[in-house]
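Here are the chains, one letter per residue:
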Amino acid sequence: MLLKCVQLLCVTAIIVAVYFPTRHARHYDYIAIENALKEVVLQSPFSSRRDLKSCTYEDVILNSQPVPMDNITGQQDFIPPLPGGEFKPFDCIPLIKTALVIPYRNRIEQLNIFVNYMHQFLQRQNIHYRIIVVEQNDTLPFNRAKMLNFGAKLAMDLNYSCLILHDVDLIPLATGNLYGCLSKPRHMSSSLDTFRYNLPYLTLFGGAIAILSDQFKDVNGMSNSFYGWGGEDDDFYQRLKIHHLLPCRFDPNLSKYTMLVHRKQPKNSNRFKNLKNSLENSYDGLKTLSRKYSVFSEDLFTRIVSS
Amino acid sequence: MSDEERDLCCCEYYDLTNNRNHILACLCNCTDLDEAVDSFLKGQTIAEENKTRFQNTMRDRLRIPWIGGARQVAFDSVLPLMILPLMLLTASLSLWWTVFSFSTVGMFLLLIFNFFIKTIPRTKFFFVWTITSIILLYFIFEFVVIPFLKILIEENVILSVLIFAFIMCLYLTKSRADQLTSLSESESDLILNGKNIEGFYSCKICDHRIPDKDHHCVWFDCCITNHNQCSFLLSLIFAILALLYSSNLTLTSVCHPFEFAKSILLPDDCSEVYYQFELGLSFVSAIYSILVAILLWLVLMQQIMLVSLGIPLRDWNKLSFTSKLCLGLNTNRPHNKGIINNWSKILCQTSPKYTVLHRDV
Numbered sequence: 001m002l003l004k005c006v007q008l009l010c011v012t013a014i015i016v017a018v019y020f021p022t023r024h025a026r027h028y029d030y031i032a033i034e035n036a037l038k039e040v041v042l043q044s045p046f047s048s049r050r051d052l053k054s055c056t057y058e059d060v061i062l063n064s065q066p067v068p069m070d071n072i073t074g075q076q077d078f079i080p081p082l083p084g085g086e087f088k089p090f091d092c093i094p095l096i097k098t099a100l101v102i103p104y105r106n107r108i109e110q111l112n113i114f115v116n117y118m119h120q121f122l123q124r125q126n127i128h129y130r131i132i133v134v135e136q137n138d139t140l141p142f143n144r145a146k147m148l149n150f151g152a153k154l155a156m157d158l159n160y161s162c163l164i165l166h167d168v169d170l171i172p173l174a175t176g177n178l179y180g181c182l183s184k185p186r187h188m189s190s191s192l193d194t195f196r197y198n199l200p201y202l203t204l205f206g207g208a209i210a211i212l213s214d215q216f217k218d219v220n221g222m223s224n225s226f227y228g229w230g231g232e233d234d235d236f237y238q239r240l241k242i243h244h245l246l247p248c249r250f251d252p253n254l255s256k257y258t259m260l261v262h263r264k265q266p267k268n269s270n271r272f273k274n275l276k277n278s279l280e281n282s283y284d285g286l287k288t289l290s291r292k293y294s295v296f297s298e299d300l301f302t303r304i305v306s307s
Numbered sequence: 001m002s003d004e005e006r007d008l009c010c011c012e013y014y015d016l017t018n019n020r021n022h023i024l025a026c027l028c029n030c031t032d033l034d035e036a037v038d039s040f041l042k043g044q045t046i047a048e049e050n051k052t053r054f055q056n057t058m059r060d061r062l063r064i065p066w067i068g069g070a071r072q073v074a075f076d077s078v079l080p081l082m083i084l085p086l087m088l089l090t091a092s093l094s095l096w097w098t099v100f101s102f103s104t105v106g107m108f109l110l111l112i113f114n115f116f117i118k119t120i121p122r123t124k125f126f127f128v129w130t131i132t133s134i135i136l137l138y139f140i141f142e143f144v145v146i147p148f149l150k151i152l153i154e155e156n157v158i159l160s161v162l163i164f165a166f167i168m169c170l171y172l173t174k175s176r177a178d179q180l181t182s183l184s185e186s187e188s189d190l191i192l193n194g195k196n197i198e199g200f201y202s203c204k205i206c207d208h209r210i211p212d213k214d215h216h217c218v219w220f221d222c223c224i225t226n227h228n229q230c231s232f233l234l235s236l237i238f239a240i241l242a243l244l245y246s247s248n249l250t251l252t253s254v255c256h257p258f259e260f261a262k263s264i265l266l267p268d269d270c271s272e273v274y275y276q277f278e279l280g281l282s283f284v285s286a287i288y289s290i291l292v293a294i295l296l297w298l299v300l301m302q303q304i305m306l307v308s309l310g311i312p313l314r315d316w317n318k319l320s321f322t323s324k325l326c327l328g329l330n331t332n333r334p335h336n337k338g339i340i341n342n343w344s345k346i347l348c349q350t351s352p353k354y355t356v357l358h359r360d361v
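Those sequence lines, one after another, are chains A and B. According to the UniProt record's numbering, the residues represented by the first sequence are 1 to 307, in order. According to the UniProt record's numbering, the residues represented by the second sequence are 1 to 361, in order.
None of these hints come from the bench; they were simulated from the model. The structure displayed is predicted, hence computed values, not measured ones. Note that the Cβ used here is the ideal one computed from N, Cα and C, for glycine as well. Don't take each hint at face value.
In silico DSSO-like pairs for lysine-lysine, Cα to Cα no more than 30 angstroms straight-line [claimed, not checked]: (1) B:Lys204 with A:Lys4; (2) B:Lys337 with A:Lys38; (3) B:Lys204 with B:Lys51; (4) A:Lys184 with A:Lys241; (5) B:Lys324 with B:Lys118; (6) B:Lys124 with B:Lys262.
Computed far set for chain B versus chain A, every beta-carbon distance over 12 angstroms [stated by the list, open to error]: (7) Leu149; (8) Asp221; (9) Lys262.
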């Protein structure tokens, strides 16, 4: 009898261990396509031209089309943007003003593909946007979070109300994935092809995220101390959690992304250590950001070079 | 308490001279080896009895710890336990190592197959190979591929159900085959009389007379007859499904996937799998799964064809090349009762009906 109980317990323990939910990719709560537009924060129309109507975004979301993979690297049709990679729709007054912040180093082919694709992609969404590329110009390991802080700071100085912090190797595959902010921070790349279009864990908040500038300021941006790959997004998630800004996600069909192929970077072995200290380090962020950076205006984007 | 009365611990055993011995002492007290080396150094020939005694001692000392005393294991049975992990580990180094180790092991199997069948017909080598493959592939999937966090829980459950179905069918196949062997034992007086009972065929590997034998499957270590052919075919189907499904899950996790026809994920770029050990190991296990699945599919197709034609595999192997080309249609097929009857015989006839029938003989 006792032996049978022990056997039963062992079998149950093994089954629980093998099928434990956190060992697998997760299903997640999301905002359905029909409700997506209600959640988007729109600003009041402001324009010197009285004859124009406000832009509408209903069609963009509801008539979402999947993008064929072949179209990503090919020639893209778009209207040349203003210097610095800024664009405003001509035929209506945009209600969304987004700054796309791209941390970058040493991936020129990917940057070309990305920038060309994104101009074409964003111009069809009737939004006012600017692409800001932040380049790290030193020999230290890549510090993604610090670069994002630089970009966000510039965007806020230029009065952009919505920030989209975006990796250079992520390409959105649904035209209805509106590049605007919701009242809560949004994890945009929740259905990524290299993750088999699944979400690895519920607190993942990296890749492409949308957050209101005010909220980014409130949480003091991201930590500047994560050098190398990984950790900074989980730290950022903790900061948002403390400020009760838990992220949300759109329908997986709207959140499809593909990752451009690249060599994997060496992982930051301190990333868990830094993460543990994250609560004590909440002062480290936008407030402690150095002022050593220069801004250049290029044809297709604004370039920030930092050190 | 005297030494003899005490129970054996898990590492102890009674050796050839009926003395208590311990596994850790396996390299001690090698009189025969000592004598052989001694005579070798002196330039004398090594006595034949020395050699055989040394082999016997070696066989006796190859044991694994077990409750109630260490158990003896045959060398050929533990061979797959070494070959398979070694093959997968070396294969995960680089593409060339993959090609090299898979082809080496393939050649080795081809060579050793006939050798084992002839010299040690009752070897467990192939059955242990099957079991080791199942366990290894399952462990790699559960503890290397799943932690990549790319597979949903329901996908894992579906795979487990397929594997469970396969193992149940395998168990059913084997237990039905065991029933038949015990049946032929009870009928042994009839067989010993020298009467050639119709429907019974002797199997050299099982060392039994088996009713309605189709062939002996070394990988399942049992005879396949009309009575367990149904579960054999089912186990093949489940094995193929499980292998293909697990390899698809693995490959789409470690490689770059794409959506085929907007629903099925397939891998398209596996160029980076050898940069990281876990990725490489998962990748080669998936390749191994696919190779095994292809072989099993060929076996399944052959079985389906032969059942439809009404030719048992033991007869098919005796056919000439030209009649094989004609699918055996030009030969006499005594067991053929039409395609529908052939299949219904296999699907319905699950328990042998010989005991009653032969009591009248």
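Okay, the hints, checked on the actual structure:
Pair hint B:Lys204 plus A:Lys4 does not hold up; C-alpha atoms about 40 angstroms apart against a cutoff of 30 angstroms. The suggested pairing of B:Lys337 with A:Lys38 is violated, with an alpha-carbon distance near 70 angstroms, which exceeds 30 angstroms. Restraint check for B:Lys204 and B:Lys51: the C-alpha separation of about 29 angstroms stays at or below 30 angstroms, so the hint holds. Proximity of A:Lys184 to A:Lys241 is assessed by CA-CA distance (about 11 angstroms); at most 30 angstroms being required, the pair is judged to hold.
A hinted pair counts as satisfied when its Cα atoms are at most 30 angstroms apart, and B:Lys324 with B:Lys118 qualifies at roughly 25 angstroms. In summary, the hint linking B:Lys124 to B:Lys262 is not supported, as the alpha carbons are separated by about 46 angstroms, beyond the 30 angstroms threshold. Against the 12 angstroms criterion, B:Leu149 falls within the reach of chain A, whose nearest CB is about 4 angstroms from its own CB. Distance check on B:Asp221: its Cβ is at least 26 angstroms (rounded) from any Cβ of chain A, clearing the 12 angstroms threshold; non-interface status holds.
Some Cβ of chain A comes within 12 angstroms of the Cβ of B:Lys262; the nearest lies about 8 angstroms off, and the non-interface call is violated.
Hints 1, 2, 6, 7 and 9 from the earlier list are contradicted by this structure; the remaining hints agree with it.
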